[in-house]
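**Student:** Start counting the sequence shown at 88; every next residue gets the next number (this note's numbering).
Calculated from the structure, these hints are not laboratory results. Please note that the accuracy of each hint is not assured.
Said to hold, decoys possible - Calculated lysine-lysine pairs in the PhoX-like style (CA-CA distance at most 20 Å, straight line): (1) 123 <-> 148; (2) 145 <-> 123; (3) 142 <-> 123.
What the hints assert, rightly or not - Quick list of simulated restraints, FRET-style, between CB atoms: (4) 114 <-> 145: 20 to 26 Å; (5) 182 <-> 125: 14 to 20 Å; (6) 135 <-> 182: 15 to 21 Å; (7) 152 <-> 174: 25 to 31 Å; (8) 124 <-> 180: 15 to 21 Å.
Every residue, glycine too, gets a C-beta built ideally from N, C-alpha and C.
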Amino acid sequence: MMKFKILVIALGMTVASLSLSANAQSTSGNITGEAKAGDTIYVTNTGTGLKRETKISKDGKYQVRNLPAGTYQVVPMHADGSFEPSQQLDVRSGSSSRVMPLSKSAEANTP
């Protein structure tokens, strides 16, 4: 009977360690950035067509989580309906990709 209990405990610990290691291997990543409060960020995977959107809150920061690895087109839309130029970036498993803000010179040259 004692051997059976030890076997059950060992088996339980093995199963628990396998599930922990499976969770550590992420197959998705995130996109982070900053925008004006009230803006909406549209994110599209250029390979699969997967689409997500997020509304920007008061602090101006956003994060689109759990995106499958791939290349994404990120398009910010202002509350008035106008769009910023899109940016393309790669999302890698287990990491965050940051959308870089437009430089002042790029903003000055945008009609």
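**Student:** Now look at each hint and say whether the structure bears it out.
**Tutor:** For each hint, the structure was consulted:
1. For the proposed pair residue 123 and residue 148, the alpha carbon gap of about 8 Å is at most 20 Å, so the pair holds.
2. About 8 Å separates the Cα atoms of residue 145 and residue 123, which keeps this hinted pair within 20 Å; it holds.
3. Of the supplied pair hints, the one linking residue 142 and residue 123 holds, its CA atoms being roughly 10 Å apart against a limit of 20 Å.
4. Checking the proposed 20 to 26 Å range against residue 114 and residue 145 shows it is violated: the Cβ atoms sit about 32 Å from each other.
5. Distance hint for residue 182 and residue 125: a CB-CB separation of about 28 Å, inconsistent with the stated range 14 to 20 Å.
6. Between residue 135 and residue 182 the beta carbons are some 19 Å apart, a value that agrees with the proposed interval 15 to 21 Å.
7. Taking the beta carbon of each, residue 152 and residue 174 are about 18 Å apart, not inside 25 to 31 Å as hinted.
8. The given range of 15 to 21 Å is broken by residue 124 and residue 180, whose C-beta atoms sit roughly 31 Å from each other.
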